[in-house]
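Protein chains in written order, with my numbering: chain A, 34 to 405; chain B, -14 to 309.
In case anyone wonders, no lab produced these hints; they're calculated from the structure.
Incorrect hints may appear among the rest.
Facing chain A, from chain B, some residues (calculated, C-beta under 10 angstroms) [claimed, not checked]:
#1 Pro93
#2 Asn135
#3 Ile176
Quick reminder that beta carbons are idealized off the backbone N, C-alpha and C, glycines included.
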Amino acid sequence: MITVIIALAIAQQSSFFARTFPNPTGRNGWEEYLMAADIGRAGNMGALLVGDSKISRLENDRKMVSSLSKAIEFVRVGNKKAATYPFLGGDDFMDPMVELSHIKLLGQVLSADVFANAADGKPTASSQSISDALILGRRVGEGQRISGLISVAMQGIALRALSLNLHRLDEKSLADLAEQFGRIAREPSPLVEGYFGDFKRWYEIVPHILRDPESVSFEEEVPEQILNLSATEIEAATQEALRSMAEIDKRAREMFQREERFWLEPNLEHENAATAFILSNLPTAMTSPIVRNKTQLRLAEMHCRVMLHKRQHNDFPASLSDLDGQVKNYDPTTGGPYFYERISDQSYVLYSLGTAETGRIDLIYFPDRYRQ
Amino acid sequence: MTIFLCLALIAPTQAASANDDYLRAAAIVANGSAELKPIVEGNVLEWSRKATEKYGSALDWVKAGNQKPFVLLERRSLNGEFPELAGFRSLGFLFEAKVFEHIADGKPNQAANALIDALTFGRRVQSIGTIGHIVGSQIIERNLRMFDLNRRAFVEEGLEKLTKLELIQSIPSDKMAFDVEFLAFGKYNEIERLSPTERTEVLARIEALKRGTEAQLAREEAYWKWGSEDPAPEALAGLEVALEVTWARALVIRTKLRLLTATSKILLHDVRNYKLPDVITEVHDPATGKPFFFGKRDDAFVMYSEGVEKTGRIELGTLWNRER
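Bound conformation, chain A alone (with noise of 0.2 angstroms):
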């Protein structure tokens, strides 16, 4: 009897979803998501992910979903509700990489899907998975600047489904998803709402890092002269140094809500290094990859709106102007148009030539490609 609740008591400990959630609501989409995350590693995701090199990609994946079905749906009821970061709040920053690892590995599970789904001839399925991969990595990046980065990645790994199996799906799928992709374009980016958190955090560790870091777990160390200066030294610093910080934080707000064509980095230097050694830990903006992410999400309500016109039309557009003046013709990294040619009668390119830091800009992310 004790042995079980030993091991019970261990198992609630190494679960996810119990470690996070102690007291469950039901209404936050992140406890399902951690317990699709317990399911994957009870079912060793991450071997099912390597894959079998005897069998097909396709059939790897089959087997995956089929081991990992229960996930996938755990993940579909989550997105369906409302969802709040469950990593933030209390003293210190958790620490959630082993969770979101694990969450990021769910994405690569319903990517799989949708190659599953449309190789049986299901585009519906098959796009409501990209739906539910792109809603999930979306959320992912709603916490810190480190989640951030694996939003980008797992939305990443949604729009490379997407463009893989393009020309599989069905009239309506193509329709709704370019509508998603088109409001998800237009909202506010996680990514972004991401920095601003990580900003927000730190105006309240700011007056304490040359006083006191230790208090706020600032781990950077801080040079001797620095914590030599006078009381009235550190407090002049402290206040320029969140007076600097109000500026950059309203110039940020400002550049990306004019999704400006040249996305500049803040400029952190400083006469006083007391205020620039601050200013210097601050988050940075990671501009190339929010650009580069805003701009794939708006190729891929594109990419749907072309293949919807081949749909119906059985051609691909001439140009991007034919299609029914459903989608501007803009791309705000360059301010001109989108690169649009039709290759063939099954192929055609489109892309954004991007900004000097991102360089071209396709559906799919290839970091050793189009580098300038």
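Knowing the structure of chain A, use the given hints to seat chain B on it.
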């Protein structure tokens, strides 16, 4: 008028052959030729939906007929009149619409089934003499083009069926088309008016052509070789010209049917492995005896046969200029 001609050809009792089903189908679409003519611009899907909604039941008859044996010239004379061929052509258009509609509706496996029915039907129509060969080839070519335009929409089950599709040996329509022509020529040409020597020469020549055609079709060689090296008798000049064009058309369709299976194999590889194959092993191109040309770039590929002088390049999605 055509509808009555088609219905008049249907046997009064339930027949075990496909002919009656095809004729019933032709009767359904007989008055819809204008509506069933595919549009070249605009919303093809809208046109497809209207066409299949109004005339779709005709395709059920064709499908049923495809399951039964097809008896050429059953209860038919050789007077050269085939009023049902206009309807058959419309049925080919209707199949195109159905394939496209299935793809738009997310039913790629049903699209593959409709395509197979269209090709089976077209292949059988090819048997009905020279005109039938032209109409049947159009049905096949247009539906293959529809497949090619939407080839990446097809998925595992349908592609697997298409890789195994064999309509060249199982439906010997080219030989039947030639035989009908030989039969018709021998029967109706003014052979009776020829002198006994000339008549013997002409009949011998027809027989040599027939044997040569059979051997040619069996060997599937690229170039037409007549049954005899001697110049054709004057009375047969028209026949030889007709046969030469029919042969080229037959070669194009046979090559395209092989391109279909080869393309389906490539697409099936893509569906299963998320990438195109590096090489294809489809070596028998009946037009050249060499492998098909296969080239790829990123996620797109091209494949075609170089063809022969009489055909030019043969591609799955390009309609052949039949009477070049």
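Right, here's what the structure says about each hint:
no., hint, verdict
1, Pro93, "holds, 5 angstroms"
2, Asn135, "holds, 7 angstroms"
3, Ile176, "violated, 48 angstroms"
Hint 3 from the earlier list is the only one contradicted by this structure; the remaining hints agree with it.
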